[in-house]
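Undergrad: The primary structure of each chain is shown beneath.
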Amino acid sequence: MDGLRRGAAQPMSVAHPHTLETTIGLEIHVELATASKMFCGCKVAFGGEPNTRTCPVCLGLPGSLPVVNERAIEFTTRIGLAFNCSIASRSLFARKNYFYPDMPKNYQISQYELPLATQGHLDLDTESGPVGVGITRVHLEEDTGGSLHIGGSGRIADSEYSLEDYNRAGTALVEIVTEPDLQTAEQARLFVAELRAIVEALGVSDVRMEEGSLRVDANISVRRAGEVEHGAKVEVKNMNSIRSVGRALEYEEERQRKALEAGEMLVQETRHFDEKTGTTSSLRTKEYAFDYRYFPEPDLVPFEAADEWIDSLRANQPELPAERRLRWKQTYGLPPGDVVVLAASKATAVWFEAAASAYEGDAKKVANWIIADLFGRLNEAGIGLAECRIAPAQLAGLVGLVDDGAISGKQAKEVLGHMFVTGDDAAQVVREKGLEQESDTAVLAAVVEEVIAENSEAADKVRAGQLNTIGFLVGRVMRKTKGSANPKLVTELLRAKLSG
Amino acid sequence: MKPELHWRPATELATGLDAGDLTSVELTEALIRRCDDVEPRIAAFLQRTDELSLESAAAADGRRARGEALTPWDGIPVAYKDIFVTRDVATTAGSRILEGWVPPYDATVVERCSAAGLPMFGKTNLDQFAMGSSTEHSGFHPSRNPWDPARVPGGSSGGSAAVVAAGGVPWAWGTDTGGSVRQPAALCGIVGVKPTYGVVSRYGMVAFASSLDQAGPLTRTVEDAAVLLSTAAGHDPRDSTSVPDGPPNLLEGLGEGIAGKRIGVVKEFGGEGSQPGVRARIDAAYGRLERLGAALEEVSLPSFKHAIPAYYLIAPAEASSNLARYDGVRYGPRHAAPDIVAMNSKTRADLFGAEVKRRIMIGTYALSAGYYDAYYGKAQRVRTLIVEDLKRAYERVDLIVCPTSPTTAFKLGERTEDPLSMYLSDIYTVPVNLAGVPAMSVPCGTSPDDGLPVGLQIIAPVLGERSMFRAAYAFEQDLGWTGSDEGRPSL
Amino acid sequence: MGIDRAAVDYVARLARLALDDDERDRMRAELDAILDHAGRIRALDLDGVEPTLHPLPLLNAGRPDEVAPSLSQAEALCNAPAAEDGRFRVPRIIEDA
Chain A
1337 MDGLRRGAAQ PMSVAHPHTL ETTIGLEIHV ELATASKMFC GCKVAFGGEP
1387 NTRTCPVCLG LPGSLPVVNE RAIEFTTRIG LAFNCSIASR SLFARKNYFY
1437 PDMPKNYQIS QYELPLATQG HLDLDTESGP VGVGITRVHL EEDTGGSLHI
1487 GGSGRIADSE YSLEDYNRAG TALVEIVTEP DLQTAEQARL FVAELRAIVE
1537 ALGVSDVRME EGSLRVDANI SVRRAGEVEH GAKVEVKNMN SIRSVGRALE
1587 YEEERQRKAL EAGEMLVQET RHFDEKTGTT SSLRTKEYAF DYRYFPEPDL
1637 VPFEAADEWI DSLRANQPEL PAERRLRWKQ TYGLPPGDVV VLAASKATAV
1687 WFEAAASAYE GDAKKVANWI IADLFGRLNE AGIGLAECRI APAQLAGLVG
1737 LVDDGAISGK QAKEVLGHMF VTGDDAAQVV REKGLEQESD TAVLAAVVEE
1787 VIAENSEAAD KVRAGQLNTI GFLVGRVMRK TKGSANPKLV TELLRAKLSG
Chain B
2 MKPELHWRPA TELATGLDAG DLTSVELTEA LIRRCDDVEP RIAAFLQRTD
52 ELSLESAAAA DGRRARGEAL TPWDGIPVAY KDIFVTRDVA TTAGSRILEG
102 WVPPYDATVV ERCSAAGLPM FGKTNLDQFA MGSSTEHSGF HPSRNPWDPA
152 RVPGGSSGGS AAVVAAGGVP WAWGTDTGGS VRQPAALCGI VGVKPTYGVV
202 SRYGMVAFAS SLDQAGPLTR TVEDAAVLLS TAAGHDPRDS TSVPDGPPNL
252 LEGLGEGIAG KRIGVVKEFG GEGSQPGVRA RIDAAYGRLE RLGAALEEVS
302 LPSFKHAIPA YYLIAPAEAS SNLARYDGVR YGPRHAAPDI VAMNSKTRAD
352 LFGAEVKRRI MIGTYALSAG YYDAYYGKAQ RVRTLIVEDL KRAYERVDLI
402 VCPTSPTTAF KLGERTEDPL SMYLSDIYTV PVNLAGVPAM SVPCGTSPDD
452 GLPVGLQIIA PVLGERSMFR AAYAFEQDLG WTGSDEGRPS L
Chain C
108 MGIDRAAVDY VARLARLALD DDERDRMRAE LDAILDHAGR IRALDLDGVE
158 PTLHPLPLLN AGRPDEVAPS LSQAEALCNA PAAEDGRFRV PRIIEDA
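Protein chains in written order, with the numbering used here: chain A, 1337 to 1836; chain B, 2 to 492; chain C, 108 to 204.
In case anyone wonders, no lab produced these hints; they're calculated from the structure. Glycine included, each C-beta is placed from N, C-alpha and C at the ideal position. Worth double-checking, as some hints may not be accurate.
As the list claims (entries may be wrong) - Computed list of lysine to aspartate or glutamate pairs in EDC-like fashion (alpha-carbon distance at most 20 angstroms, straight line):
no.: 1; chain 1: B; residue 1: Lys306; chain 2: C; residue 2: Glu157
no.: 2; chain 1: B; residue 1: Lys347; chain 2: C; residue 2: Asp127
no.: 3; chain 1: A; residue 1: Lys1665; chain 2: A; residue 2: Glu1790
no.: 4; chain 1: B; residue 1: Lys392; chain 2: C; residue 2: Glu157
no.: 5; chain 1: A; residue 1: Lys1432; chain 2: B; residue 2: Glu415
no.: 6; chain 1: B; residue 1: Lys347; chain 2: C; residue 2: Asp143
no.: 7; chain 1: B; residue 1: Lys347; chain 2: C; residue 2: Asp128
no.: 8; chain 1: B; residue 1: Lys347; chain 2: C; residue 2: Glu202
no.: 9; chain 1: B; residue 1: Lys306; chain 2: C; residue 2: Glu202
As the list claims (entries may be wrong) - Some but not every residue of chain C turned toward chain A, in silico, with C-beta under 10 angstroms:
no.: 10; residue: Leu151
no.: 11; residue: Asp154
no.: 12; residue: His161
no.: 13; residue: Gly169
no.: 14; residue: Gly193
no.: 15; residue: Ile201
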């Protein structure tokens, strides 16, 4: 019957490794953080007792009808704008028909012919330069419920029966499809990280992969360079973190390359990534394209977006990560590595900016403290910046004290440790712990004299030009002052004394 | 001689209730007795709700006694086609696949009628999922025409039509997707209305074909139909396809008459297709309209000949998708099986009737890969042709008339073996659903060849209900058949 | 043209209808007749004609993003043919071939 579309396995001849190239396209789902579901007023939340957030509409009870959540349309349009898409002036919902027990109606209300946004792009900053990634479409649909598979390992294949929870069914879901413009696993990983940062900056989703509010599927195919037709497209699923995206695609790319080099046939299939082993295994061979029988959703009417409305959204889009990176480069002059780290999440970016504004000097210092010290403590404590007891202005205060010479850099680390636990101001901790540096020149000069007298050999070396030995003398002064001397000042005094 | 209580129209009963001549409980008891009497012969109900009805009637009486009647029709019972979802009262859509389903919510139509004080009076029989033209495709039992119980009452709203025609209840709700309110109304000698698509909310109406389904009243008088329709009509935020406006005022100016109105007679529906007796009554009806002051002229609607093929692609296509949810997972009976595919497939094959399965198959095929453009896609374009033909016609005429049904009520079993012949009963009603315009069937007497009722169909432009009702009222009043002994079955 | 047995089997599988052999044969003949009749419109040249999705030109029907009460777990499950631990129970899920 000509209704069946088959994807044939592509036979490949033995290929020279250097002439193989990889193409990757991503299909990403973002669960929107609207208060209520896509087509009904049930609350959107994570977790909770099963089947406690359903109603006739999202349960698909006979006679129920969907009504579009207007905020979901706005959020999706914002995502489209953030990816430089054309926003459809007229958009339609469509039914995607297939049977599955996690879908109450056995069709999903999605979009097909006239999605909300199309033809966008994102320029990805990679180590080897910018990579342009096309965005084919951004559309809006409803999420399915969740299944528990009972009786085996928890996966469908060896289960005895399954249990369905429809709390999630009907949640607004945005699907973002890229062109197959990504060429390496690392690029794919970077793309997902950037997409995550963009969507988070828009404030339209929690984008937590571990909670399922950001889901990534990939299509990857390795083929001989220059071949017009793509090789067998392999779909990779179950990548549950940004890191996993990189790992899974790296593994899969390697698997395909090895197969081609050995003259094996690659088949079009869906493969499941296993976090523990870092490998992919076949889930099903995609021999038949599913016949979804798409048709325009008759229970909904078309959406027409007025130009003025689109323009007003564009005018008040939140600052996107790329814009922020540029602004930081211009305002703070931070090295790109720092920018990536600090701009990775909205929370971090906001925190850093608050600290940088509270600090009067070079923002790079503040950045250093956050990256080199604070992040480590946060990781160890297992908390995020939001839960950190230290306020941005307080970090600025600490760095200020070091600048003034009130405490040494080493002491400041100790102070930060206390601040992390108590949330007190740096100055207060310094006072309470008696950590003020000795910066009185007269006092220090006396100790310096003592040390020079007690360590004449070392002193002579310095006088002779071996300037490194100053460090030893500085150490002696620090010991005598029980660590409270301002080491910079001490060094200056020693130099002055030993140079003349 | 004043007709018995159960024959009186709702508007007359309202006067009686208001004057204190009658209580709602008395009325309800009379209707219960009448139904007990006629049900063995017409089998109009799938479920009687006598106790609930009496409770609601008592409450209505209480309100009236306190001077707190919700509306003038507070306490006049209404029957619902079992396709309307009713909270805590089992709803089957006429199918065994929903046997035992007790809904946790009410349809908007039910909610609004209850808010007006109308007690629910049972769930009536239908072709399952509204797919049929005779009520023989009910999953439970057929209903019968009160004029001749060896014949069908029409369908799919046959139960509602039969009980109203038999005097079992003054008014009832049906649904019309391809003629399922109008055709049974014509076959049973009563009034049946399909409003403009979107005028009555579809929320809580088990879906057959989403872009065609509309709820509509079945009554014995035009005025009653106007009242019942107004009670439920108007925007519903829970139905995205409902009109933005509130209910139309259909009673205002109802008696204005049709002098000076231009009425179109459909050229393509001339003669050959209908039974001679039907033809005779319809021609007489046209004559009456002219005597009432209307100017009749011929209108040509060439796209109407494509209406049945288009309908029998669009309706099954939407239905195949709407009925996918009946899979034994969340409600209804379940056929035991070792895996989900077998469970779904056996449950559906077992519990859906043959007509439903047929339409699911056609619909699935029409939407399947490679066939969408040729079938569903084409049919949706034919729809545009029909809409445009009507728009053009309404530039010249105010209303269009034609027969509702090509024949009078046929015998049970006569068309069940040949689905196509059953489909052709809808030839005059289906174009109306495709266009979304309003239409109603009003009785125009009985056929001289078999003494069975004939219905005249009046079709109006989009949101033209007021002008449609005025014409129907004028015709009904002048004919004087409704409410006469002649205008009632001798059941 | 006409519908063959393979087409009937394909459609029945898509629609989750376990038809027996007699039903399939009957269905094949009936579908053939109906689609032949319905298919009369296939011959029409309607290239310039837009499809009518809705009879009324309604647009932008939506609702504000407000939470409304949900059914309780008991209400949601009250008609379930099989339930366990607050969830709907279904037989083993297998992939549609």
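Undergrad: All the hints need checking, so say for each whether the structure fits it.
TA: Right, here's what the structure says about each hint:
1. Restraint check for Lys306(B) and Glu157(C): the C-alpha separation of about 19 angstroms stays at or below 20 angstroms, so the hint holds.
2. For the suggested pair Lys347(B) and Asp127(C), the alpha carbons sit about 10 angstroms apart, so the restraint of at most 20 angstroms is met.
3. Of the pairs offered as hints, the one joining Lys1665(A) and Glu1790(A) is violated, with about 50 angstroms between alpha carbons and a cut-off of 20 angstroms exceeded.
4. This hinted pair checks out: Lys392(B) and Glu157(C) have alpha carbons roughly 16 angstroms apart, not beyond 20 angstroms.
5. Under the criterion of a C-alpha separation no larger than 20 angstroms, the hint pairing Lys1432(A) with Glu415(B) is inconsistent with the structure, at around 39 angstroms.
6. In summary, the hint linking Lys347(B) to Asp143(C) is not supported, as the alpha carbons are separated by about 29 angstroms, beyond the 20 angstroms threshold.
7. For a cut-off of 20 angstroms, the pair hint linking Lys347(B) to Asp128(C) stands: about 14 angstroms separates their Cα positions.
8. As the CA atoms of Lys347(B) and Glu202(C) are separated by approximately 17 angstroms, the hinted pair is consistent with the 20 angstroms bound.
9. Straight-line distance between C-alpha atoms of Lys306(B) and Glu202(C) comes to about 44 angstroms, which puts the hinted pair past the 20 angstroms bound.
10. For the restraint placing Leu151(C) at the interface with chain A, the shortest Cβ-Cβ distance is roughly 19 angstroms, beyond the 10 angstroms limit, so the hint is violated.
11. A hinted interface residue such as Asp154(C) counts as satisfied when its beta carbon comes closer than 10 angstroms to some beta carbon of chain A; here the least separation is about 17 angstroms, so the hint is violated.
12. Below 10 angstroms, beta-carbon pairs count as interface contacts, and His161(C) has one with chain A at about 6 angstroms; its hint therefore holds.
13. Look at Gly169(C): its Cβ gets to within about 4 angstroms of chain A, closer than 10 angstroms, so that hint holds up.
14. Checking Gly193(C) against chain A by beta carbon gives a least distance of about 4 angstroms; that is within 10 angstroms, so the hint holds.
15. Interface restraint check for Ile201(C): the shortest CB-CB distance to chain A comes to about 8 angstroms, inside 10 angstroms, so the restraint holds.
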